[in-house]
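**Student:** Sequence:
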Amino acid sequence: MALKFKPKTYGPVHVHFDGEGGVSFAEGETGERHAHPPHSTPVVTLLASLGHCLVESLRIVARGKGLTPGAFTITVIGERALDLPGRLGSIRYAVEGWPMDQPGGADLVADAKAICTISNSLGPVTISAGL
1 MALKFKPKTY GPVHVHFDGE GGVSFAEGET GERHAHPPHS TPVVTLLASL GHCLVESLRI
61 VARGKGLTPG AFTITVIGER ALDLPGRLGS IRYAVEGWPM DQPGGADLVA DAKAICTISN
121 SLGPVTISAG L
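According to the numbering used here, the sequence shown is numbered sequentially starting from 1.
To be clear, the hints were calculated from the coordinates, so they are not data collected in a lab.
Among the hints, erroneous ones may be present.
[What the hints assert, rightly or not] Restraint-style ranges between C-beta atoms, simulated for each label pair: (1) H39 x L3: 23 to 31 Å; (2) T45 x T68: 12 to 20 Å; (3) P7 x D101: 19 to 27 Å; (4) R87 x G19: 33 to 41 Å; (5) K65 x E20: 39 to 47 Å; (6) S121 x K65: 31 to 39 Å; (7) T68 x L3: 17 to 25 Å.
In this text the structure is predicted, and so the values were computed from the model without any measurement.
The C-beta atom is built at its ideal place from N, Cα and C for all residues, glycine as well.
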């Protein structure tokens with residue numbers, strides 16, 4: 001008989017870019033913003049790392065295209081896999097604000113995901129318009 005886990009969601013973790021170079025983090029639906037990533041669990045820290053990598057990757061892509069990024073938030077959620085070995089079965093993220101409110105914004109996000117070291121190391125990570 002195979003061991004099964006109960007469904008569990010980690011996050012959301014929000015990574016905010018203020019449009020001027022500042023990055024802050026919040027955990028949960030109404031979490032307070034902090035200058036440092038959350039560390040309540042290793043999985044939450046991983047989700048914050050992914051979100052921060054995507055923020056920095058989006059800034060790099062924008063700079064390469066001569067764009068100035070505005071304020072935006074990347075929200076990341078992980079779902080536990082229901083079988084062994086213990087791991088995340090899925091990770092989803094959504095981008096709110098710039099560049100999604102601009103023409104071609106989804107393409108910029110896709111380009112950022114393509115260069116994000118953490119996203120590429122984790123395997124399939126789903127981009128969505130909303131979580």
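**Student:** Against each hint, give a clear statement of whether it holds in the structure.
**Tutor:** Now for the hints, and whether the structure bears them out:
Here the CB-CB span from H39 to L3 is close to 28 Å, well matched to the stated 23 to 31 Å. Between T45 and T68 the beta carbons are some 30 Å apart, a value that contradicts the proposed interval 12 to 20 Å. For the pair P7 and D101, the supplied restraint of 19 to 27 Å is violated, since their beta-carbon distance comes to about 33 Å. Distance hint check: the CB atoms of R87 and G19 are about 35 Å apart, consistent with the given range 33 to 41 Å.
Between K65 and E20 the Cβ separation comes to about 19 Å, which falls outside the hinted range of 39 to 47 Å. At roughly 25 Å, the beta carbons of S121 and K65 sit outside the given window of 31 to 39 Å. For T68 and L3, the Cβ-Cβ distance of about 51 Å falls outside the hinted range of 17 to 25 Å, so the restraint is violated.
The earlier numbered hints that this structure contradicts are 2, 3, 5, 6 and 7.
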